[in-house]
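Enquirer: These are the residues of each chain, in order.
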Amino acid sequence: MSMLNVSSSPHLRSPHNTSREMYNVVLALLPATVFGVFHFGLHALLVILMSVVTACGTEYVFDYIARRPNTLWDLSAVVTGLLLALCLPPSVPLYIPFAGALFAILFTKCFFGGLGQNFMNPALAGRVFLLISFGTAMIDYSYDGVSGATPLATLNEGGTVSVLKMFLGFASGHIGVSVAALCVGAAYLIYTDTIKWKVPAATLVVFVIIMGIAGPGHFAPLYIGAELAGGGLILGAFFMATDPVTSPMTGLGQLIYGGLIGGLAALFRLKSGMADGMSYAIITANLIVPLLDKYIIEEPWGVGKPGQVLPSEEEMANKKPGIAIPRSALVLCLITAIAGVALGGVYSLTKDTIEANQMAANLAAYQAVVPGAENFAYDEAISASLEEAMAGDYYADGAYGKTRVNEVVAGTDASGNIVGYGLSVTSMEGFDGEITLALGIAADGTVNGISFTVINETAGMGMKADEPEWKAQFEGVKVDSFTLNKSGGSTADNEIDSVSGASITSGAVVNAVNTGLDFYHNYIQ
Amino acid sequence: MSLFMIIITAALVNNVVLSQFLGICSFVGVSNKIKTSFSLGMAVIFVITIASAVANLLYTLILEPFGLGYLQTIVFILVIAALVQLVEMFLKKTSPALYQALGIFLPLITTNCAVLGVALNNVTDGYNFIESVINGFGTAVGYTIAIVLLAGIRESMVDNDVPGPVQGAPLVLFAAALMGMAFFGFSTLTLG
Amino acid sequence: MNKNVERLYNGIVKENPTFILMLGMCPTLAVTTSATNAIGMGLSTMVVLIISNFVISLFRKLIPDEVRLPAYIVIVASFVTVVQLIMQAYFVEINKSLGVYIPLIVVNCIILGRAEAYASKNDPVPSIFDGLGMGLGFTLGLFLLGAFRELLGAGTVFGIQIAPSFYEPIAVLVKAPGAFLVLGCIIMVMNAWGISTRANKMVEEGCASCAGCGTPGTENCDKKEEVKA
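Chains as they are written, first to last, in my numbering: chain L, 1 to 525; chain U, 1 to 192; chain C, 1 to 229.
It is possible that part of the hints are untrue.
[Claimed, not checked] Only pairs whose alpha carbons sit at most 30 angstroms apart, straight line, appear in this in silico DSS-like list of lysine-lysine: (1) C:Lys201 to C:Lys175; (2) C:Lys175 to U:Lys33; (3) U:Lys35 to U:Lys92; (4) L:Lys402 to L:Lys471; (5) C:Lys201 to U:Lys35; (6) C:Lys61 to C:Lys14; (7) L:Lys294 to U:Lys33; (8) C:Lys201 to L:Lys294; (9) C:Lys61 to C:Lys3; (10) C:Lys61 to C:Lys121; (11) C:Lys175 to L:Lys271; (12) L:Lys294 to U:Lys35; (13) C:Lys201 to U:Lys33; (14) L:Lys486 to L:Lys402.
Think of the hints as simulated: they come from the structure by calculation, not from any bench.
This structure is a prediction, so every number in the text was calculated from the model and none was measured.
Based on the provided sequences and hints, a complete structural model is requested.
Expert: Given below as C-alpha cells:
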C-alpha cells in the first residue's frame, strides 16, 4: 500500500518560496548588470563573475565539508555575489570580489547556520569588510582611462553634476550605477510583491526630509535628485535593505527600520567624508532587527505550536494586535532613544541654518553698516566673550544704563577677510522703551554708522533720530566713545547733537552706541 | 565640543566595547539574555556616571593640587570599589525591587575594565567636571546599546543550525566582529 | 615533575590564560595590533603578576578574609603604578602605544584571578613560579595573536616587512573588528581540534566577574547561576 502523505494544517500554497523570490531578484538586477558591463567594459564582467562564482563556490565547499545538504538551489548565494559585485568599483583587482564574496558567505552566513540564519546582509558585510581592509582600492572609481571622480564627490566639493546622467548611469561609480535600470528592476519586484515596500519607502522619505533640511542644497530638486541618484542609495534601499532574512517581519518594524536607514544614510552623507554611508547605515540597522521582531507583535494568523494551550474566544477577541504590554516600556524607551538621537542629530545638522535665519532678521541692518561685507557669521570666540560679558542683566552692570549687547557678527568680503563687525545693541531707556540698533565698526576701529532695527519713539521728535542727517554724526569717526551734547553745535568728532526736544531718545542711542564701542574695545580688538 | 556631541561620540564613535575593548568579559558573558543585559547596562550607567563624577572631583581637588597625579590608579580603583559597596547597601535598604533587578551585577562591575578605564580617560582627555560626567554617562550608554544589541542577536540565534566548531564562543565573537564593523562607520563622522 | 617547573608548564601550556582560561580579554583584543605592543603588554603584566603573587602569598595569612579583594586590589594597584612610572621614564614609546591599558592591568582578570586561586593558598616560591608561568603563557598568547594580526593585517612583524610585495594586507585585522574575528577563528580551530577551552562555558554561563574567574567554576559563577532564574 502506498504511503499517504499525512501532514497537519495549515497548508499554505503560494508561488512564493525562497528560490522563487531570489529568482525574481536576479531578474530585477539584470538590467543594471547589463548596463554596467556595457558602460564599464569587460573587466566589470570579470568582477561580477568572480564575485558570483566565489560566493557559490564558498557555499558549496562549506556545505560539503560540514556535511550538510547543498543549498545552492536557493539562489541566495548568486544574489549575494551579484549584489556585492554591483556595489564595487568597476576596475578593482580581482582579489577584491574574491575576498569580499568569501567573507560575505562564510563569515556572515555559513558560520551562523547557513540559509536564512544570518542577521546581517551578507553582500554589505562583505563590502564593508573590503572598505575597511582595502581602502585605497575600494575608492578608486576610474575605468578605461576615465578619471574616477564620482558625481557625489564632485557635488561635495561644490561642483555641479548632471542628475540626468547620474540617473541613467552615464557617470562614474560602482558597477550598478544606472539608477534607471535599478528602478526598472525595483518596479518589477514591487509588482510581483517580492520585496517589503515599506522599507524603501520609509528610507527614501526620511532621507529626503533630512537632506532637504540640513543639506547645502536644501529642497532644490536638482540637489535632492543628485543625492538620491548617488552613493548606492537606490541599490541599497530597494535591493539590500529589503533582504527578506535581515529585515523586520512586521509592518511597523519595517517602517522604523527603513526610517533609521534613511536617517543614518543622511547623517553619513552630511557629516562624513565618505560616500559609502549607505552600506554602514544598512548593516547598523540590521543590528536592531532582532529587537524589533521580538517586541512588536502582530495579529497571529496561524494556529499555535503543538501542545500550546490556545486562548479562549473571548481572550482572543480582547487581545488586539500591537505591542506586548509588559514590554511596552522597553519599546517606548527604544523609540524615544531613537527619536532623541534623531532629533539631536537633526538639531546639530540644522543648527547652522537656524543661526543663519536668526541673523537674517538683522541682516539688512548689518549690510547697511558694514559696507563691503559679503557674508556675516558668528565668531565663536567673540560669542563666548559676549556670553561672559552679558552674564548679568545689563552690560557692565548698567554702566551705560539699561543697555545690552545682543549679538556680534563679523563681516567678511569675498576672499574671507574681515572688513568689519556688526554689533546689535539695545537700550531700554528710550522715551518709549526699547531701542535696538546695529552698530557697524570697520576692521580698523572706525565707526561706520548705525542702523535702527527697533525704534518706537514719538513721531516728529524721538523718531527724528532715525533720519540720515542725524545718524550721519556717527559715521566715519574713530573714537572710543561718544558724548551727548544737549545744547547742540558740536564740533568734535565724539560729540553728538541731541535731537531737539528728544534728549532722552538721543541719550539712549548714544548709550547704546557706547556700549557697543566698549565691547569692541574690550573684547574684539 | 558641545555636550550632546560628547554623548554621541562617547556612545557611538568610540564605543567602549567595540572600539576600546573595555568591559569585554561581561560583554560576552552576560549578553545571552536581553533582560539581564539591559539590567546590567542600567547598573553600569549608574555606577560609571557617579564614579566619573567622584573620580574627577578627587583628581581636581586633591590629587592634582598636591602633585599626587601618579596615585590616580590606586585612588580611582579604591573609590570605585567603595562606591559600589555603598550603592549596593543603599539599594538594599531603600529599594528592594531595584536591588533585585540590579544588585547582583554591582560587585561584578567593580572589576569591569570599563569603569576604571573611563575614569582614567577623563583625566587624560582633560575634561572638566561636567564633561567628565557626561562622557561617563555617554560611554555607559554606548555599553548598554552594544550589549543589548548583541543580546537581541544572540537570542534570535538560539535555534540556529550553527556548525559544531563555531558553536559557543566563536559565534559570539563573530557576531561582535560584525557589530564592530557596523560601528566602524560612526568613527568616520566628524561631529561638533 | 618539580613543583615549580610544573607551575611553569601549567601557565604556558595547560592553563594558558589567553587560549584556555580566556582571562584578560580586554588587553588581549586591544593591544595585539602589533607584535611589539603584544610583547610589551605581556611582559609588563608578567612583572606585576610575579611581584603581586609573591607579596600576596607572603602575607596571605595576615590578610583578613572579608577584605581580601580590596587588599589585593591595593597591592596590585601599587605595583602597577610602579611599573607605569618606570615605563613612563624609560620605555616612553611603548608606554604611549599601550596607553590606558597599563593601568588597566589592575583589573586584569589574570592578576586577581591568580591571587585568589593560587597565591592566597600556596607558598611564596611556587607562587612566584605560578606568576612566571602564567605571565609567560599570557605573553606567548599575546605574541602569537599580535604577530598573526600584524603579519596578515600589515605585512610586517615587529615592523619588518615579511610578507611578499604582491600581498595586499587585510587591514581590518589590525583594526577593532579584526580582533574579534581573529580570536573567534582561533577558538573555532581549537574547538575543531578538540582542545577544550573555558571560552565556550564563559559565553553561556556568563561569568561577569573577573575576580572569581581565576579557575573554572568558582563561587561567583555559581552565585550568578542561582539568581539567574
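Enquirer: Each of the hints needs a verdict: does it hold here or not?
Expert: Verification of the supplied hints:
no., hint, verdict
1, C:Lys201 to C:Lys175, "27 angstroms, holds"
2, C:Lys175 to U:Lys33, "28 angstroms, holds"
3, U:Lys35 to U:Lys92, "21 angstroms, holds"
4, L:Lys402 to L:Lys471, "21 angstroms, holds"
5, C:Lys201 to U:Lys35, "20 angstroms, holds"
6, C:Lys61 to C:Lys14, "29 angstroms, holds"
7, L:Lys294 to U:Lys33, "12 angstroms, holds"
8, C:Lys201 to L:Lys294, "26 angstroms, holds"
9, C:Lys61 to C:Lys3, "21 angstroms, holds"
10, C:Lys61 to C:Lys121, "9 angstroms, holds"
11, C:Lys175 to L:Lys271, "22 angstroms, holds"
12, L:Lys294 to U:Lys35, "12 angstroms, holds"
13, C:Lys201 to U:Lys33, "15 angstroms, holds"
14, L:Lys486 to L:Lys402, "20 angstroms, holds"
Hint compliance for this structure: no hint is broken.
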